[in-house]
Structure formats: structure tokens, C-alpha cells
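Residue numbers (the numbering used here), protein chains in the order written: chain Z, 4 to 314; chain H, 4 to 314.
No lab work stands behind these hints: they were computed from the structure.
Check each hint, because a few of them may be wrong.
Which copy is meant is left open, so a pair is good if it fits within one copy or across any two.
[As the list claims (entries may be wrong)] Below, a list of computed lysine-lysine pairs in the DSBU-like style, where the Cα atoms sit at most 35 Å apart:
{"no.": "1", "residue 1": "K247", "residue 2": "K192"}
{"no.": "2", "residue 1": "K118", "residue 2": "K133"}
{"no.": "3", "residue 1": "K246", "residue 2": "K217"}
{"no.": "4", "residue 1": "K224", "residue 2": "K254"}
{"no.": "5", "residue 1": "K125", "residue 2": "K224"}
{"no.": "6", "residue 1": "K287", "residue 2": "K192"}
{"no.": "7", "residue 1": "K269", "residue 2": "K292"}
{"no.": "8", "residue 1": "K118", "residue 2": "K302"}
{"no.": "9", "residue 1": "K206", "residue 2": "K217"}
For clarity, every value in this text was computed on a predicted model and none was experimentally measured.
Number of protein chains: 2
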Amino acid sequence: MSATSANKDDFFAQTAVPERFSEKYELMKEFVSKHRAIGNRVVLVSSGGTTVPLESRTVRFIDNFSIGTRGSASAEYPLYFLQHGYAVIFLYRLRSLEPYSRHLQRRLMDMLEVKGDSVTVKHDHTSSLKSILQQYEGVKAKDLLLSIDFTSLAEYLHLLRASAQILNAIHSKALLYLAAAVSDFYIPKHEMPEHKIQSSTDKPLQLSLQLVPKMLKPLVKEWAPDAFVVSFKLETDRNILIKKALSALDKYQHQVVIANLLDTRKYEVVLVTKETEKPILLSKEDSDKGLEIEEEIVKQLIARHKHFIES
Amino acid sequence: MSATSANKDDFFAQTAVPERFSEKYELMKEFVSKHRAIGNRVVLVSSGGTTVPLESRTVRFIDNFSIGTRGSASAEYPLYFLQHGYAVIFLYRLRSLEPYSRHLQRRLMDMLEVKGDSVTVKHDHTSSLKSILQQYEGVKAKDLLLSIDFTSLAEYLHLLRASAQILNAIHSKALLYLAAAVSDFYIPKHEMPEHKIQSSTDKPLQLSLQLVPKMLKPLVKEWAPDAFVVSFKLETDRNILIKKALSALDKYQHQVVIANLLDTRKYEVVLVTKETEKPILLSKEDSDKGLEIEEEIVKQLIARHKHFIES
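The task is simple: from the sequences and hints, build the whole structure.
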């Protein structure tokens, strides 16, 4: 271990196994076994941001802007993952958006009304909600969606490793769709104060964060070498985006990078492979109709995953 | 301005006026005018954590663990603030818990069912939801609750100053209940990189954060000198808690500090004034019955505020 970046083994050794880890591990294992027996493909969709605690008894942490829009939409697409013979493990940041319920988050109290002895959804919202609820019930009935939550970076990485290793049992039928926004930096446990950092001293707060080891490397090489792996690259500077996507493919040897810019990520992404750069765009008209770019992203990936399985 | 801490004027000068600020300002102003005419008291409840951006085009930020439990419960208490002749301005972190809807956040999809042409709440949940919904409708009908959202530290402080200044118009009838978890540190604009910090260089990330000027001082002295002001002190170390609460009262000359520890904050707080330390406890039995400690906190404060107005 150099002074500035730990390798993956150091990282896992330095961080405690998360709470309820073995319970989550068993849930994922059973889920994959079950769908393996049926012959289903399984996609792991990771979603939301990871926290990086600044104190052991954590009051403060570093986070990022993600609320899980991309991941929760992608995990849901009824015409796609879930109805193309895929079961979904949704590995998501606690309290970020979730498939189906994401449609209900805003102004929920205003959608309900008391009618005699019952509480019902107001007429205006009934038809859209009915269709979402029916999709959700269908997915539950067939046990096609397993949601597993995380909060911190360490929890996420322990669960990512476990799920990748579990998914390798279904070889090329596994798709990893890594949409979570994972921190690049962290504070190792031995460098972290136990108690809340005090502000009474009239000094600036100096924080020194180490690089998180790049987990895509062991994921592709060791944990799930047979799987189809899709990573995401988010930047704010258009000039470096594609270069960074290509460099990731070269470094980690996985199949696809979805490259996107912070400001335009809901309307424009580029699907980058070693050989091709395919822009995917959502027009203003389609967006106004309520369509989402995730539909086309997922469609493209399913086609490529099919090809990958067959070849 | 010293190298390490800005004064409040520097802070406001360095940070842009938040988006939709004037709209929010007008909403608060009208709300206070209206309730002033009726003779109502008005409480400002601040709730949730503030973000501290690390980049101008923000991907990463420092946050804290608060999800607005204390604030959203306190703003709601139907037998207390809202039914004791108080109107409530709820200044809250976007996507944190809100009064009333906080009861619905978990497993919402599982509470609903399709029944013929309508979507209704399942029988098990009807009675609790009905009562919450009726309270919510009553509060809406009387316009007793105004919700104003913020995300960043700068947004929060601009809105806090504005609301305090507006509330000073009702003098001692204003109560400020500052439950938001406000960052002590920030990165001034001129020290912040524009783009997402790159992790490709094999170096630790060094962050230097400055102290946020203590806004309670100008709040008590200049913005709302006639109001009853309650601040919160959260620590992880029991040994320094009361000492820090007393030192805040001495420094800022406001009326009450609610002191609490991270681990026990839902069962135990101490209401600290210059003269008294009153512990408020919630027993295991009461907690199991669904009671919340905020009920007793608010009750105690209303009594003290009444005394403050009369004297």
C-alpha cells in the first residue's frame, strides 16, 4: 500500500463487513439460484450515491448529487429488463428513488382523499397509478425484483463484490449495470476521528482523502469474469468525456461505458464500446410525452447482451 | 476577513442569491402578514441538513446524516403548534421528511391496491392514514403551513435571514425553532474548482474548509431581536454537551438550547436555558405506542413562549 492509494484487499480489510450483510448475501444468492433454475437472465442495477463518512460516529459525510433517477428508471422498464426474461437485483442507496414508487414521491398527500370509510387516490391520478401498480404487482408475483439497500461506500463495495461473485454462477447470462455514483475518495478508518469534528477552534478544517481502489478491475478479472459489464462515466467537461470512457474500457476490459454529462444526462448519452460510439438522444417532444432515455439505453444493452451470450 | 473565518457580510456577499429566492421571500411575507392580521403566532421550523458543494458544477458535496425527523415531526404536532394558534413556516431540505407525508414514505406501493376502476389504500392502513389526511386537509384549509425548501448551506442561510427579518414584524409572537443541521464548514466560491474533481492523479485529495460564520449572533441581535429563539445542539460526546449548550446561550443570548446526543436523540433531550436544565425523556413503552419526543419538546416550548410574550 502506497501512502496515497490502497489496493482492494487493503480496502476490504480496513472496512468492517456491513450490518445485515449475511442476510442480504443469502437473499441475493437464493434469488440468483431461483432464476438460474428457470433459465432467466439476471441484471444487477446499482443506483444512487455512496456516502463517505468523515467521522466514525458519523454526523458528516461526503455525498454526491445522485438521487437514483437513472438506476430506478432502468430497473423498472416494463417493456425491457423485466419483460425480456430478466430478473433484477436493485442495489440502491437507502432513501433514493426506487422502481415504481419513484412515480409517487411528489405531493403524495395531495393525491389521496378520504371517501367515507376508505382512503382513495383522486380521480385525476387513478389511471397512471393503476398501470404502475399493476406492473408492480406483476413483478412481485413473479419475484422478478430484489431490492437491496446500502448507504456508505464501504457497504456498497462489500455488496457489489458479493453480488458479482454470486452472479458469476450464471456466467454470460449475468448483466451488471453499474449506474451508482460511487465516490472516488474516502478516509481510511485509522485516519478518522471518532467524535464529531469540533468547530470551536478558529482554524480551517483540513481533510485528506485517499483514492478508492478501482473496483472495476477485480470485478471484471476475478469476481464476475463471465458477465456482461456496463459502467457509467459522468463528467461536467465535454472535452474529456469520450477519452475517459475509452480509457476505462482499455483499463478494465469490460464491455460498455455509458458516457454522460451532468447537465444533459437526461437527454443525451453515448454508448461507448472499444469499437463504437453510439449516441442515444431523447427529443424534447418525446421527453414532454413522458418518455425516458433509459428505455432506449436498456433496449440497446439487451440487444448487445443477447449477442454476447450467443457468441 | 481573516484567513480562516468570514464574517456574515462576507459570506452573503460571496454566495449568490438562491434560485427562486424572491418568490420564496414573497410567499413568506404574505404568510406572516396574513397570520399577523388574524393574531396568530408564527413558528419557523427549520429541518434537515445543508449541503456544502465541493465543486461549482456540483457533483460532490458534504452533507450530514439528518433526514428531518425532528423538524418534520415538530412542525406537525396537531395538538401543539398548529392547534395552539400557531402557523408554521417549514423551512426544509428538499427531499427530507415533511409533515404528514413523512408517515407514508416507507413501502408505499404495498399500501395501495387496485379496486375496480379506482386505486385505494388497503384496509389495514386506512384508519391511521385517514386521521393523518384529515389533519393535513384541515391545516391546508386554514393555510396554517407554508413549506419552503432549500438544498445548500448558502440557500439555507439566505432564506433563514429573510424569514427571521420577516418574522420580526410580529415581535415576541415569533418563535424560531432551528432544528436544521447546518454545516459548520464551507468552501468559499473563489477556492472551489469549476469542474468535477478528477481522480486520475495518484494523489490524496486535500480539502480545506473554512468556518461558516455563526449566524445565531446576527439573527438574535439584528434580524429578529424580538423573537423567541430555540437552537439545537447535537454532539456525539456526552461530556461536552451541556457545556456547549450553555456556552451557546452565553454567546448568542437567545432563549433555549435543545441539547441532544446522536445515539439517544429520539428518547432523551435536555432543554437548556441560562437558569435551568430540564431533561425530557420518552420511555420505551411510550415509544412502542408510537409516541414521539417532539410532542413534549413542543409542549414545553409553547409554555415558555407564552410566558415570554406575556412578560
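The hints, checked one at a time:
1. Proximity of K247 and K192 under a CA criterion of 35 Å is satisfied in both settings, with 30 Å inside one chain copy and 27 Å between copies.
2. When the C-alpha separation of K118 and K133 is checked against a cutoff of 35 Å, the pair qualifies both within a copy, at 18 Å, and between copies, at 9 Å.
3. Taking the shortest Cα distances, K246 and K217 sit within 35 Å of each other inside one copy (18 Å), while across copies they are farther apart (44 Å).
4. Taking the closest pair of Cα atoms, K224 and K254 come within 35 Å of each other only inside a single copy of the chain (11 Å); across copies the shortest separation is 59 Å, beyond that limit.
5. Proximity of K125 to K224 under the C-alpha cut-off of 35 Å is found in neither arrangement, the shortest distances being 52 Å within a copy and 48 Å between copies.
6. For the identical chains of this complex, K287 and K192 are inter-copy neighbours only, at 33 Å across copies versus 47 Å inside a copy, given an alpha-carbon limit of 35 Å.
7. In this assembly of identical chains, K269 and K292 lie within 35 Å of each other by CA distance solely inside one copy; the values are 14 Å within and 45 Å between copies.
8. Taking the shortest alpha-carbon separations for K118 and K302, only the inter-copy value of 33 Å comes in at or below 35 Å, while the best intra-copy value is 42 Å.
9. In this homomeric assembly, K206 and K217 come within 35 Å of each other (Cα to Cα) both inside a single copy, at 33 Å, and across copies, at 14 Å.
Checked against the numbered hints listed earlier, the structure breaks hint 5 alone; every other hint is satisfied.
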